[in-house]
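Participant: One letter stands for each residue in the lines below.
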Amino acid sequence: MRKKNFFLKTGMAILAIATAFLQPLQVSASSNEGGYTYNYDYWGDYKDSADFYTVCKVFTSSELGLDVKLKNPQGLFVDGNSIYLCDSGNNRIIELNRVSPEKLEVVRIIDTINGAQGSNTFNNPTDFAISEDGNMFIADQGNARVVKVDKDLNYIMEFVKPDDNTLDPKLVFQPTKLAVDTAERVYCIATGINKGLIKYENDGTFSGFVGATPVKFNWTDYIWKKIASQEQRAKMESFVPTEYENIYMDYEGFIYSTIALNDDSEKTENAVRKLNLMGNDILVKNGEWPVQGDLYWGSGGGYEGPSIFTDVTVMDNDIYVCLDRNRGRMFGYDDQGRLVFAFGGNGNMDGYFRRPSAIDHIGHELYVLDSLDNSLTAFVPTDFGNLVYKAVEDFDQGKYEESGAAWQEVMNQNGNYDLAYIGIGRSLLRQEKYKEAMDYFELEYDAENYSKAYKQYRKQWVEENIVWIVIVILALFLIPLGIGKVKSIRYEIDTADIFIAGRNG
Amino acid sequence: MEMIANTKSIDNPKEKYIDSLKFALYCITHPLDGFWDLTHEKRGTMAAANTILALTLLVRIMKLRYTSFIMLQVYWEDLNIFLYLASILFPLSLWVLGNWGLTTLFDGKGRLGQVYMATCYALTPYPLVQFPLMIFSNFVTVNEAQFYTVVSALSLVWCGLLVIAAMGQIHEYSAGKNLLFTIATLFAMLVMIFILMIFFSMISQGIAYFISLGKELMFRM
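Chains as they are written, first to last, in numbering that gives the first Met the number 0: chain A, 0 to 504; chain B, 0 to 220.
Derived from the structure by calculation, the hints contain no laboratory data. It cannot be assumed that every hint is accurate.
[Said to hold, decoys possible] Using 27 Å as the maximum straight-line C-alpha spacing, the simulated DSS-like pairs for lysine-lysine come out as follows:
#1 B:K62 x A:K451
#2 A:K68 x A:K150
#3 A:K102 x A:K150
#4 A:K284 x A:K454
#5 A:K284 x A:K46
#6 A:K102 x A:K68
#7 A:K56 x A:K70
#8 A:K434 x B:K62
#9 A:K454 x B:K62
[What the hints assert, rightly or not] Some, not all, of what chain B presents toward chain A, calculated at C-beta under 10 Å:
#10 E14
#11 F68
#12 I69
#13 M70
#14 Q72
#15 Y74
#16 D77
#17 T140
#18 V141
#19 N142
#20 E143
#21 A144
#22 Q145
#23 V149
In this text, a Cβ means the ideal position worked out from N, Cα and C, and glycines have one as well.
Turn these sequences into a full structure, and let the hints guide you.
Facilitator: Below is the structure:
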């Protein structure tokens with residue numbers, strides 16, 4: 000566990016040396032531990048990485064200067080430099096102003112609204128969103144509504160349980176997470192509704208479910224069900240679509256949603272879906288491994304099973320960061336679905352979590368909410384992280400040489416970082432240095448990009464050597480032809496009547 | 000082809016070896032005729048069979064290093080070259096033993112050595128196709144990789160068909176009987192694997208028993 004805390008590190012080192020002297024046979028316990036930041040290579044092997052993010056500050060109730068301590072906070076929303084924190088346990092929403100990642104100021108505490116039809120207070124608000132027009136949307140779970148207020152907290156309307164006859168009439172509507180698009184349409188997730196996202200038009204009418212996850216089942220269960228009696232079947236779990244864990248509306252209006260994987264049969268599945276307006280999954284999955292966080296689900300440190308992405312946030316460079324509530328880790332993926340970084344863990348130290356519940360970003364900074372620790376952790380990228388971001392963004396802007404140079408520096412700092420090699424290769428490819436690009440792609444087994452480079456290289460080679468190729472091909476045809484001709488002439492001479500006659504005579 | 004006519008025996012062992020090696024090319028293109036002559040006309044030699052097997056193993060190893068990474072990615076950290084060779088040698092020996100063991104009970108005319116020789120001759124397309132294919136693989140892109148996969152698969156199918164044809168000829172079986180015994184041999188291989196596994200697990204348990212007995216004794220002494 001590599002921490003940036005110098006004193007802690009030195010202290011540990013002294014302690015380790017001391018114990019080593021006292022008990023010469025005991026091996027230092029920290030020698031086998033994996034690093035804080037890591038990545039997976041082409042083979043899915045775990046590779047230690049240079050730290051991508053470092054904790055800037057952890058904000059608890061006292062750091063924020065709150066009189067009532069935070070209680071079970073669930074939601075986080077960022078709008079410009081404002082951070083909205085759903086203090087669900089205290090039925091309020093806290094608006095913070097980010098002066099710098101080290102300094103967050105409480106702007107206001109939203110706990111009552113004006114002129115509501117039902118209650119003017121919240122009951123367990125779990126998520127929050129602001130539209131482009133500045134209207135606020137609150138998933139008021141305990142009051143079974145999503146409430147829309149203007150920026151001065153005047154009630155506008157509320158979105159209630161969908162009027163859909165496929166829903167169980169006894170089901171209590173419990174909206175947990177929501178997202179709002181530019182036209183103020185509301186997409187929301189509610190407990191016990193697995194038909195997809197509940198979509199409301201901006202006038203508050205329910206307009207259907209979008210993006211239901213395809214139903215998955217495994218074959219053994221299916222066969223058992225065929226054999227089982229009616230009562231046995233009733234006791235079995237039925238095959239239903241998975242409920243979404245969380246949603247996030249990115250800057251282009253696509254909805255990123257996360258699902259909890261729970262079965263070994265889902266090892267090849269992605270835990271993140273990117274939904275377009277039709278509700279179809281358009282996430283790019285060109286990575287070697289599925290977008291599902293940790294690849295190894297075995298028990299370790301008291302935790303087992305897959306990563307459960309409880310929240311996701313998408314940066315402007317299309318890198319999306321998923322928050323794993325199982326092992327308290329963050330996984331960043333790029334627009335191709337390749338793992339950019341993974342870091343974190345469960346624990347009490349800064350940068351470790353007890354029950355992370357939400358994540359959001361301002362620029363490249365990450366803000367992570369812990370619902371058990373009641374704290375908000377601000378992460379800032381390290382120099383290494385900034386270099387990677389620079390390389391990615393330069394490439395997107397068409398500055399291929401700068402991008403290549405940045406990836407080169409990334410590679411110098413972390414030789415185990417696959418994306419750096421591919422990044423250098425892609426930059427060389429754009430600069431039409433095909434042979435060099437091929438070498439970099441080959442190192443990382445990137446067949447797709449290698450082929451692109453090789454195709455051009457082959458074309459160039461053929462163009463440069465066309466004369467020789469023609470000569471060789473002609474030679475291959477003409478030489479046997481010539482030999483055959485010579486042979487047949489000789490044969491004719493040998494068997495010609497006049498010579499035979501001459502010889503005989 | 001002129002080779003059929005050439006039935007007079009060659010006395011010079013070196014010439015005989017070259018001739019029998021060349022005969023492999025005839026076998027793979029004319030399997031029924033070729034494999035009949037292989038044993039009945041004594042056209043094949045053990046030396047040639049061993050050579051073909053050695054070439055097969057060599058090409059299989061070379062493929063690891065020289066095939067383009069687009070077609071074949073090798074996790075070198077985990078590669079055991081002997082286990083990799085065993086992936087050909089072990090099934091081969093199981094096949095030869097299983098086939099001989101079964102056919103010898105049911106009128107099979109082939110002897111153990113002949114079964115081995117014919118099977119090795121049937122492997123000829125593998126080095127013959129895979130070696131040029133390995134070189135070819137370095138000059139293609141992902142989109143053209145399909146060609147590699149198809150040709151590679153064809154070479155294996157070719158080998159498989161040759162093995163079946165070879166067995167039928169050396170045992171002098173009809174087509175139906177040959178097919179039946181091919182399937183029976185596959186089952187025999189499974190049975191042998193099963194017995195080997197039981198055998199090894201028994202042995203290791205037996206050894207573990209004596210080791211723990213020894214340990215116990217050492218504690219008490």
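Participant: If a hint holds in the structure, say so; if it doesn't, say that too.
Facilitator: Now the hints, each set against the structure:
For the suggested pair K62 of chain B and K451 of chain A, the alpha carbons sit about 23 Å apart, so the restraint of at most 27 Å is met. At roughly 25 Å between alpha-carbon atoms, K68 of chain A and K150 of chain A fall within 27 Å of each other, so this suggested pair holds. Distance check on the hinted pair: K102 of chain A and K150 of chain A sit about 24 Å apart at the alpha-carbon level, within 27 Å; holds. Among the hinted pairs, K284 of chain A with K454 of chain A is consistent with the structure: their alpha-carbon atoms are about 23 Å apart, no more than 27 Å.
With a C-alpha separation of about 21 Å, the suggested pairing of K284 of chain A with K46 of chain A holds against the 27 Å cut-off. With a CA separation close to 18 Å, the supplied pair K102 of chain A and K68 of chain A stays within the 27 Å bound. Annotation: proposed proximity of K56 of chain A to K70 of chain A holds, straight-line Cα distance about 19 Å (limit 27 Å). At roughly 23 Å between alpha-carbon atoms, K434 of chain A and K62 of chain B fall within 27 Å of each other, so this suggested pair holds.
Simply put, K454 of chain A and K62 of chain B have alpha-carbon atoms about 23 Å apart, close enough for the 27 Å limit, and the pair holds. Given hint, E14 of chain B at the interface with chain A, is violated; its Cβ is 27 Å from that chain's nearest Cβ, farther than 10 Å. About 6 Å separates the beta-carbon of F68 of chain B from the nearest beta-carbon of chain A, less than 10 Å, and the hint is met. About 4 Å separates the beta-carbon of I69 of chain B from the nearest beta-carbon of chain A, less than 10 Å, and the hint is met.
Hint status for M70 of chain B: holds, given a least beta-carbon distance of 9 Å to chain A, under 10 Å. For the restraint placing Q72 of chain B at the interface with chain A, the shortest Cβ-Cβ distance is roughly 5 Å, inside the 10 Å limit, so the hint holds. Interface hint at Y74 of chain B: satisfied, since its Cβ lies 6 Å from the closest Cβ of chain A, which is below the 10 Å cut-off. For D77 of chain B, the suggested interface contact is upheld, since its CB lies about 9 Å from the closest CB of chain A, less than 10 Å.
Annotation: interface hint on T140 of chain B holds; nearest CB of chain A at approximately 4 Å, less than 10 Å. With its C-beta approaching chain A no nearer than about 4 Å, V141 of chain B sits inside the 10 Å limit, and its interface hint holds. Using the Cβ-Cβ criterion of 10 Å, the hint placing N142 of chain B at the interface with chain A is satisfied: the shortest such distance is roughly 7 Å. The interface hint given for E143 of chain B is met, as the beta carbon of that residue sits about 8 Å from the closest beta carbon of chain A, less than 10 Å.
Against a cut-off of 10 Å between C-beta atoms, the interface hint on A144 of chain B holds, since the closest Cβ of chain A lies about 8 Å away. Taking 10 Å as the C-beta cut-off, the interface hint given for Q145 of chain B is violated, the closest approach to chain A being about 13 Å. Violation of the interface hint for V149 of chain B is found here, the shortest Cβ-Cβ separation to chain A being roughly 18 Å, above the 10 Å cut-off.
Consistency with the previously given hints fails for numbers 10, 22 and 23, ordered from lowest to highest.
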